[in-house]
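Just so you know, the UniProt record's numbering puts 73 at position 73 of the sequence shown, and the rest follows in order with no gaps.
Hints are computed from structural coordinates only; laboratory data are not their basis.
Predicted model, so just to flag it, every value in this text is computed and none were measured.
The C-beta atom is built at its ideal place from N, Cα and C for all residues, glycine as well.
Hints are supplied without guarantee of correctness; some may be wrong.
[To be verified] In the DSSO-like style, the derived pairs of lysine-lysine whose C-alpha atoms are separated by at most 30 Å in a straight line are:
| hint | residue 1 | residue 2 |
| --- | --- | --- |
| 1 | Lys-111 | Lys-144 |
| 2 | Lys-159 | Lys-111 |
| 3 | Lys-144 | Lys-159 |
| 4 | Lys-158 | Lys-144 |
| 5 | Lys-149 | Lys-159 |
| 6 | Lys-149 | Lys-8 |
| 7 | Lys-144 | Lys-8 |
| 8 | Lys-33 | Lys-8 |
| 9 | Lys-149 | Lys-111 |
| 10 | Lys-111 | Lys-8 |
[Unchecked claim] Simulated DEER-style distance windows between Cβ atoms:
| hint | residue 1 | residue 2 | range |
| --- | --- | --- | --- |
| 11 | Ser-86 | Ala-24 | 19 to 29 Å |
| 12 | Pro-75 | Ser-131 | 33 to 43 Å |
| 13 | Ile-152 | Pro-7 | 31 to 41 Å |
| 14 | Gly-157 | Pro-7 | 22 to 32 Å |
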Amino acid sequence: MIQASFPKLETLVLRIPATPAILAFISANRSIKSLAYRGSIGDIASIAPQLLELNARPLLQALCATSPSSQMVFPDLRTLLVDMSSPIYEMTVDEFDMFVRTRCLYVGHPKGLANQRSQVLSNVVFLLPASSRPQEWQSSELYKESTRKESIHVLPGKKVLHLAWPVHKN
1 MIQASFPKLE TLVLRIPATP AILAFISANR SIKSLAYRGS IGDIASIAPQ
51 LLELNARPLL QALCATSPSS QMVFPDLRTL LVDMSSPIYE MTVDEFDMFV
101 RTRCLYVGHP KGLANQRSQV LSNVVFLLPA SSRPQEWQSS ELYKESTRKE
151 SIHVLPGKKV LHLAWPVHKN
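I would like the entire structure built from these sequences, with the hints used as guidance.
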């Protein structure tokens, strides 16, 4: 198979399910900094470490893992949009808490697990159904400690939830 390489490609929006050809394309184009992806985050963790922005669906466990070299996956990731607008996507309190402890709380936070500042996301956004009741993960103590900003999404029936956690001041 011939690999297409686009050295200036920075943003890729995929609205189709992942295939081996798509994964090979992502792997061959390390210039991609922003990716909207419908497949498993685990499938791209080792082939797109350069990502700064990721729009993905749950499961979030892959974001809490380290690579074989003991480096956090997506070490430079700054912005994460988690698309939970479909009712088939659910997240447990434990999954949410591990994600927050690993990628959202500042280095040195008593509940945080991040070892380097670069591991901490600066922008965390959830896309939710507009008419949904609170989900299980929203009962988390870490969720309750967050600063939340909600807005209506441009697509009907969806809302956007921005989450942030206090930053430690030295």
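*Okay, which hints does this one fail, numbers in order?*
Violated hints (numbers, rising): 6, 7, 10, 14; every other hint is consistent with the structure.
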